[in-house]
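K.L.:
Take the sequences, apply the hints, and build the full model.
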Amino acid sequence: MIIIKKLKDVLVTVIGGIGKNTINIVYMLGYSTLIFLEVAYHSKAAFEKRREILKQMYYAGVKTFIVVSIVALFTGMILALQIGLELKPYQQQSLVGNIIIATLTREMAPFVTAIILIAAVGSTMAAEVGTMAVSEEIDALEMMAISPVRFLVMPRVISLALMLPIATVYTNLLGSIGGGIIAYFQLNVSFDVYYSHILESLHFKATYVGLLKAFIFGIMVSTISCANGLRATNGALGVGKATRNSVVSSFLMVLIVGYYITGIFYGKTG
Amino acid sequence: MIEFKNVTKILNGTKVLDNLSLRIERGETFVIIGRSGTGKTVTLKHIAGLLEPESGVVLVDGQQMNGSSKRQKDNLREKIGFVFQSGALINWMTVEENIALPLVEHKVLPQDEIKKIVEEKLDLLQLTSARDRMPAEISGGMKKRASLARVLVRNPEIILYDEPTSGLDPVMSSLINTIINQIKKDQHITQVVVTHDMESAYAVGDRIAMLYDGSIIQCDVPEAIRTTANPIVRQFISGSLEGPIEVL
Ligand SMILES: Nc1ncnc2c1ncn2[C@@H]1O[C@H](COP(=O)(O)OP(=O)(O)OP(=O)(O)O)[C@@H](O)[C@H]1O
Ligand SMILES: [Mg+2]
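In order, the protein sequences belong to chains A and B.
Heads up, the numbering used here is the position in the first sequence plus 4, with the first residue counted as 1.
Heads up, the numbering used here is the position in the second sequence plus 3, with the first residue counted as 1.
Since the hints were made in silico from the structure, they are not lab data.
It is possible that some hints are incorrect.
Said to hold, decoys possible - Listed next, the in silico DSSO-like pairs over lysine-lysine satisfying Cα-Cα at most 27 Å (straight line): (1) B:8 - B:118; (2) A:24 - B:18; (3) B:124 - B:110; (4) B:124 - B:188; (5) A:24 - A:209; (6) A:53 - B:187; (7) B:110 - A:53; (8) B:110 - A:59; (9) A:53 - A:67; (10) B:73 - B:119; (11) A:24 - A:48; (12) B:118 - B:82; (13) B:82 - B:8; (14) B:119 - B:8; (15) A:53 - B:119; (16) A:67 - A:245; (17) B:119 - B:18; (18) B:73 - B:18; (19) B:119 - A:48; (20) A:48 - B:8; (21) B:188 - A:53; (22) A:12 - A:24; (23) B:18 - B:187; (24) A:59 - A:48; (25) A:59 - B:118; (26) A:245 - B:82; (27) A:24 - A:10; (28) B:119 - B:188; (29) B:8 - B:187; (30) A:272 - A:209.
These figures come from a predicted structure and were not determined experimentally.
P.N.:
Here's what the structure looks like:
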């Protein structure tokens with residue numbers, strides 16, 4: 005009897021916890037939407053805040069440069085290896101460039117880059133803004149009639165909205181190079197052939213849809229991260245929670261919104 | 004003038020403020036004392052409009068703060084300065100930049116004018132040596148003074164202090180008390196000081212009110228508080244373990 009009662013208690017706690025977490029994530033997505041609208045309103049002050057925006061871009065770039073480079077290179081290499089394996093029986097290895105560039109530009113580059121920037125930049129934003137919230141700095145801004153969204157969030161959102169597409173272009177480039185290396189050393193495809201096939205499948209639509217995705221991801225990730233930070237309470241514990249929630253929500257939203265953007269441009273009606 | 008009318012605030016399921024009524028006159032320095040966790044900070048944040056009560060009304064100069072729009076709040080806050088418990092300086096800006104921040108952001112004055120005002124406040128609060136340091140590199144007393152300087156550059160009519168002397172050495176506490184008394188000479192500035200430092204309360208207060216269980220149990224001039232008959236207040240100011248206050 006006692007065991008059953010205990011089990012019931014555990015079950016109730018677990019289900020309650022999951023429910024609470026889900027409600028919190030949904031609530032925060034709603035709040036993020038409101039913050040986004042406010043950012044859009046304050047973006048008219050973007051020029052005035054250009055120094056802060058550039059500073060944020062610089063930090064985002066420097067902090068992620070090495071990781072993005074390694075991940076991009078290896079993504080290209082892995083893709084080349086796996087695709088090469090499938091193409092080899094048909095003696096079609098030279099097509100590896102076409103598939104790699106199509107995969108990278110359409111899906112992989114924006115997605116992979118967004119994941120890295122969520123982990124490295126979004127989490128920092130949530131922690132920074134969250135620390136300011138729990139140490140009353142946000143309250144202090146409100147008291148001086150300085151909008152925290154205009155002062156903190158807007159420059160971060162614009163910087164990531166610009167930085168993510170730039171990083172995505174870089175990922176495309178380095179991923180292709182990684183693929184080329186494998187193509188040359190493992191699949192006996194010369195650089196010239198690989199390069200010409202890359203150009204063959206480097207479509208304008210794929211590129212701009214990919215970059216549009218990166219741009220939207222950049223806005224989403226920074227907005228969600230800052231919104232979670234603004235709502236942080238209860239000291240250091242709260243900052244940790246805000247950071248974790250921002251990473252989880254950003255990740256989910258990148259997947260879901262990424263799917264729908266693909267659907268709009270490549271689905272039946274597209 | 005600041006007025007609370009039957010204000011109730013519930014946080015985490017407990018009534019932190021319970022039907023609180025309170026009236027602070029223009030130009031007076033009003034001290035609120037009370038134990039840690041009784042809701043002193045919560046009370047100040049209601050005056051500032053940073054927290055919304057469950058019920059009741061908070062009036063600042065006759066205008067309702069709670070429930071008002073963001074724009075109205077910004078208008079009312081124009082005359083309110085808040086010296087936060089931990090200073091709340093923006094952590095990635097130097098002391099000087101922090102003090103200049105409200106003026107720089109609102110662009111009401113030319114650069115050299117701002118510089119002059121900041122210089123004046125740095126001097127007044129003896130912060131000149133710390134001007135280029137970051138908030139993390141200065142002492143608690145400096146943070147509080149820098150926070151006050153940031154408030155003073157806006158020429159507020161109401162200044163709210165959240166434990167301005169807690170965690171400071173006696174000399175620094177005296178300095179803060181002196182500054183508060185200096186500001187008091189300006190008859191138009193209303194000051195609300197939250198503290199559990201009785202020495203500071205006696206030194207600056209025109210009136211002292213004790214917050215207990217969500218409402219004011221006594222509010223009087225310092226002499227009357229010193230010789231109070233109320234057992235709770237008496238226990239609090241003497242810091243005795245014996246008495247009606249449950250020591251948890
Ligand atoms: N944002 C909040 N969310 C939940 N509970 C809060 C919040 N702020 C304050 N509380 C609770 O309200 C009560 C009063 O807090 P408050 O900070 O006003 O106390 P205080 O009198 O200022 O104490 P101290 O002297 O320690 O600063 C405390 O029990 C605290 O846990
Ligand atoms: Mg407090």
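K.L.:
Does the structure break any of the earlier hints, and which numbers would those be?
P.N.:
1, 5, 6, 10, 11, 14, 17, 19, 20, 21, 23 and 26
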